[in-house]
Amino acid sequence: MTLAQFLEICLVVLVLGAGAWTIAARSAHAAITGFVSYGLLLSLVWVQLAAVDVALAEVAIGGGLTGVLLLTAAARLQGRESQPIQWPSRLHRCVAAVLCTALTAALCAVVLWLPDPAPTLAPAAAGALPALGLGNAVTGVLLAHRALDTVLETVVVLLALVGVWSLAPDRYWNGRPGQRQEVDSDGVLPFFARVLPPIGVLLGIHLVFVGANAPGGKFQGATVLAAMWLLVMMAGLRDAPAIGSRWLRIGLVFGPAVFFAIGLIGIGTAGAFLAYPPDYAKVLIVTIELTLMVSIALTLGLLVVGPPERPDTR
Amino acid sequence: MSSTTLFGMCAAALVGLGLYGLLIHPQTLRRIVAFNLLGGGVFLMFGVVARRGAAAGMASDPVPQALVITGVVVAFSATALAIALLLRLFADSGDASLRSPPHDGVAADRTHV
Amino acid sequence: MPDSLAVPLANPSGGLWLVAAIVWPVLAALLAICSGGRLADRIALLAMPIGLGIAVAIAMAVLPVGHVLTYAVGGWNPPLGILLRADTLSAAMLLTAAIVICATGIFARGAFSLRAGTPETRGSLAFWTLLLAVWSAMNLVFLGNDLFNLYVALELLTFAAVPLVCLDGSAATLAAALRYLLFALLGSVLYLLGTGLLYGAYGTLDITLLAARVRPDFATWVAAAVMTTGLLAKTALFPLHLWLPPAHAGAPPAASAVLSALVVKASFFLVIRLWFDAMPGLWNSLATQLLAALGAGAIFYGSVLALRQQRLKLLIAYSTVAQIGYLFLMFPLAFDPIAGRLQAGIALTGGLLQTVSHAFAKAGMFMAAGLVATAIGHDRIAGLAGIGRAMPISLFAFGLAGVSLIGLPPSGGFLAKWLLLSAAIASGQWWWVAVLVIGGLFTGAYVLLVLVRAMGTTEAPLILHVSVSRYRELTALILSLMAVLLGLIAFGPLA
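Residue numbers (the numbering used here), protein chains in the order written: chain L, 1328 to 1641; chain S, 4 to 116; chain C, 5 to 499.
Quick caveat, the hints were computed from the structure, so don't treat them as lab data. Just so it is clear, CB atoms sit at the ideal spot from N, CA and C, and this is done for glycine as well. Take these hints with a grain of salt, some might be off.
[Claimed, not checked] If we take Cβ atoms under 8 Å as the criterion, some of the chain L residues that face chain S in the derived model are:
hint, residue
1, Val1339
2, Val1342
3, Phe1362
4, Ala1378
5, Leu1392
6, Thr1393
7, Ala1401
8, Cys1421
9, Cys1427
10, Leu1439
11, Val1483
12, Gly1490
13, Ser1512
14, Gly1514
[Claimed, not checked] Okay, the calculated beta carbon distance ranges per label pair:
hint, chain 1, residue 1, chain 2, residue 2, range
15, C, Leu468, L, Val1510, 50 to 60 Å
16, C, His469, L, Asp1513, 56 to 66 Å
17, C, Pro53, L, Asp1443, 46 to 56 Å
18, C, Val72, L, Leu1398, 26 to 36 Å
19, L, Ala1588, C, Pro53, 56 to 66 Å
20, C, Phe222, L, Glu1509, 44 to 54 Å
21, C, Val72, L, Asp1443, 30 to 40 Å
22, C, Leu468, L, Thr1614, 28 to 38 Å
23, C, Gly381, S, Asp95, 42 to 52 Å
24, C, Phe222, L, Val1374, 50 to 60 Å
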């Protein structure tokens, strides 16, 4: 067994350990901490699988933003339940365990018996890259070959936000999410919130730009931007925006709208919806990515802060 | 056993763990965490498929990678919606676990417009 | 593979309608979000006739001659690209969805529209945006030919449908919405898992290409089982139906109509695509019988519980649980044991008719029940006496919808059950005949339960708390009437 194999086995053991801890831990806080470490370890697995774009997305969105969401929820739900917790019966748990074990066994068998050589679309995707002027095949798939998935996914995220907003009490509609944070001028959090965002914003924009030719892309860049915005809001340096603000609404819709517009123009210029004219493909793709970066950053940030909880007063 | 197969087994185990948590935990927040675990396992399965599809100078098939990136964002949005629902439910009723729904509709009737 | 290279293909112009069907409601929803809630209902109501026109255009291109319209998005052909495809099944469901959504829009004007000058409210922005998103997602489900694209459609549908359930903000509906979301997410993630396994085995997610490549091996079987389980959870087939009654009963009436009529049918449509189109030869007789056995369980369990309900909206919701069971009876009846595969035939047509007629009937029924509940302030069945005299149109709409659900001629429900019965008798599966007949009797029982109560007399005439607009009652009536007259198409184009 080589060192690399040994390390991989250690990694898998750690990942499974973190996963099991997440399920078995007693308190929600412990479970979520386990979940965040699971997310970090999982991104290492993704790097081992030579999928760096996915590793970036997983650590940023799956580990980072989801972790923030879960931790804030756990804090608000902390031990104040009005009714005692009822665990399901032993029979129920046994049946569930048997079912899950069977599924895991079936999946292991499937993994062992997948066809060899594996069918793949890598050659096709690689062959199409020069025409698009891109160097990153994943970006090519996301924005050219399977652009319909991506454009609809931006709508899905926006719809989730509308759904979250609809949970606000009527009297707070068009108000501001979250509670007003007081600025603790000597605290660590405002310090970080002043120092990190400029670096973070640069990093986010760089991730989007570089995503055309190297691992990166709008989702990863937008997540970094959203994280910086959240940091500033949590430290109290800026208040959360009122959700009825016209500029906010336009900013949220702008990215998907530009994507759809470019797609519809493609019907005339390139013969199909979401097709790119041969010489302008890269320019259009980068435009789409930049506009989407802004909209998705706004959407992801607002998804974390949640529905309005106070009226829009200064 | 190649490393890809090892990661595939890891993915299978994560799917089983996550599904178990989703099915049995009484607290909804823990179910949401388990759902994320389950999702991570499913995405890892895609990653194994992608790695096996290495060809044409690429170390990994880009199509499943793109699908996973889409899936990660969708899963995050789902978690955000679920958390928002849970927090609102908790704020209104003080209850953060879902009880079995009443079968004979004794919940208060509200008129809907 | 030459068909996946970067050569944009000339798309037939008819295919653009497919793009329009998906893109138009989304653009309207985006406009509604950024223009503010006062305009949201106006945008939605203006978008609806055009969306209906798109659905009619597709239906006219596909239905009369049985053509198939396709469109390769971005000019990329599968397996690398995504294909949109409209066949007879798609066109019929597109038209049904468009009609139900437009009727819902007209019906909901009375509930969620704002007078000029009032500030945006939560309900108005949320309802109209979510309704448009539901429409777009449904259209993509009917037109998608790529399994991952369909996953995105399912997620869009879930995120749009769940907030509709708890739009009134009460704790009970919030719990129902959360339960619905958890079931739906479980279903989606299982579906996604199967998709990954199929890609790993075949290198494509396009349904047409899969149909050519599928072999009955272990990986395929696991993938199909996992995907089907996920889709059944989203369709609320017994025993995974627990989330449906509180969710559909708790939603506002306009939303209940869309949820019961359309949203649950989306995942069922995908089961059809998976079983009939992607892997018709994978199944054996036992699998189809098992699926239909669950359907029979749904029919009996749903009907018995419907009879026990004290609230009208819950009765109708349990009726949905039961009627979904009918949809799954078509699987063993479409299975050809000699060829060992599922064939499109009268059983599939019967299932499609059941889907469409149930959509119209259930939407009309929920609308009528919603109007009654608004008018008298509650929906207890025991307190419905006098409604027949006070709100005859609504009660008539309810009754007509019931006619189609029971399966009396000439309704669409009758024709659907007739086709299923013929298929059952022709293939010698007499036990499904028994299920169909007994199911019809149960349905008759709970429909009559309501009608008898409502037509009872009270000493003093019933005073309505709120007067209900005539056009809303007529909308419900027209939907129910469409369900009843649907059976007449047997003498028309499909003869």
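Outcome of the hint check:
1. Val1339: Holds, because the Cβ-Cβ distance from Val1339/L to chain S comes to roughly 5 Å (cut-off 8 Å).
2. Val1342: holds (6 Å)
3. Phe1362: With Cβ-Cβ at 5 Å, under 8 Å, it holds.
4. Ala1378: Constraint on Ala1378/L satisfied, holds at 5 Å.
5. Leu1392: Leu1392/L check passes; min Cβ-Cβ to chain S is 6 Å, inside 8 Å.
6. Thr1393: Interface hint status for Thr1393/L: holds (6 Å vs cutoff 8 Å).
7. Ala1401: holds (6 Å)
8. Cys1421: The hint is violated - Cys1421/L has no Cβ within 8 Å of chain S, the shortest such distance being about 10 Å.
9. Cys1427: Interface hint status for Cys1427/L: holds (4 Å vs cutoff 8 Å).
10. Leu1439: holds (7 Å)
11. Val1483: holds (6 Å)
12. Gly1490: holds (5 Å)
13. Ser1512: Violated, about 30 Å.
14. Gly1514: With a closest approach of 25 Å, the Gly1514/L hint is violated.
15. Leu468/C with Val1510/L: 50 to 60 Å: holds (56 Å)
16. His469/C with Asp1513/L: 56 to 66 Å: Given about 60 Å between the Cβ atoms, the range holds.
17. Pro53/C with Asp1443/L: 46 to 56 Å: holds (55 Å)
18. Val72/C with Leu1398/L: 26 to 36 Å: violated (51 Å)
19. Ala1588/L with Pro53/C: 56 to 66 Å: violated (23 Å)
20. Phe222/C with Glu1509/L: 44 to 54 Å: violated (60 Å)
21. Val72/C with Asp1443/L: 30 to 40 Å: Holds: the Cβ-Cβ distance is about 35 Å, inside 30 to 40 Å.
22. Leu468/C with Thr1614/L: 28 to 38 Å: For Leu468/C and Thr1614/L the Cβ distance comes to about 57 Å; the hint is violated.
23. Gly381/C with Asp95/S: 42 to 52 Å: violated (22 Å)
24. Phe222/C with Val1374/L: 50 to 60 Å: violated (30 Å)
Of the numbered hints listed earlier, those contradicted by the structure are 8, 13, 14, 18, 19, 20, 22, 23, 24.
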